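Keeping their order, the protein sequence lines are chains A and B. Under this note's numbering, residues 10 to 127 are what the first sequence spells out, in order. Under this note's numbering, residues -11 to 98 are what the second sequence spells out, in order.
A hint or two may mislead.
[What the hints assert, rightly or not] Cβ-Cβ distance ranges computed for the label pairs, FRET-style:
| hint | chain 1 | residue 1 | chain 2 | residue 2 | range |
| --- | --- | --- | --- | --- | --- |
| 1 | B | T41 | A | H94 | 29 to 37 Å |
| 2 | A | D74 | B | I0 | 20 to 28 Å |
| 3 | A | Q38 | B | S93 | 14 to 22 Å |
| 4 | B | S(-5) | A | Q38 | 33 to 41 Å |
| 5 | A | L35 | B | P27 | 20 to 28 Å |
| 6 | A | M54 | B | R46 | 39 to 47 Å |
| 7 | A | E96 | B | P(-4) | 41 to 49 Å |
Hints are computed from structural coordinates only; laboratory data are not their basis. Predicted model, so just to flag it, every value in this text is computed and none were measured. Virtual Cβ for every residue (Gly too), placed ideally from N, Cα, C.
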Amino acid sequence: GAVVSQHPSRVICKSGTSVKIECRSLDFQATTMFWYRQFPKKSLMLMATSNEGSKATYEQGVEKDKFLINHASLTLSTLTVTSAHPEDSSFYICSAREQLAGEGNTQYFGPGTRLTVL
Amino acid sequence: GIQVEQSPPDLILQEGANSTLRCNFSDSVNNLQWFHQNPWGQLINLFYIPSGTKQNGRLSATTVATERYSLLYISSSQTTDSGVYFCAVLASGGSYIPTFGRGTSLIVHP
């Protein structure tokens, strides 16, 4: 199946610094990528939809100036958490949408990035 | 928007047991996927199944689109099946933003 990678897998940073997370589709082109946030023992919360070559669409309540998304190519999207604070600590997951003939729109997920802000 | 409900929320099994997980959705869909999130957080795509039945080893899934539900069957469960199982749907009408259920947390004891 299709593979999505995410880097880094784990990051610990000091409050006030910025952290960039990369999401890559390794063997397919993804015109659309999604960024999710997951709190412990909770479901995935969609933060934004990232479309190649255009601005991301953010979900209600997600600060676009805090969570910067760039989808510069068909295989790479980045999420930058700017001026991170302890409340931004979470598990961030990206997914990429692959459209296959006869299979509709299938989502493949990256392994996630655990962010801890001290 | 479309509502997705999964049941049961929690499930504890002894190794070797069978189980059925359910996903109900409130509107017609053109895509439904089942995922397994392992204890390390990785989400694995299990099935793309907007309708019909599919099987992959000990796992199988059935979606009855007209009655708006899908079932995931796990047979002869193993400890490695532990984790959270999510159902995600795409509502009909051109939406490409998936809606996730809250998941079923499964623990399989040896």
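Output the indices of the hints that this structure fails to meet, ascending. 1, 2, 3, 6 and 7
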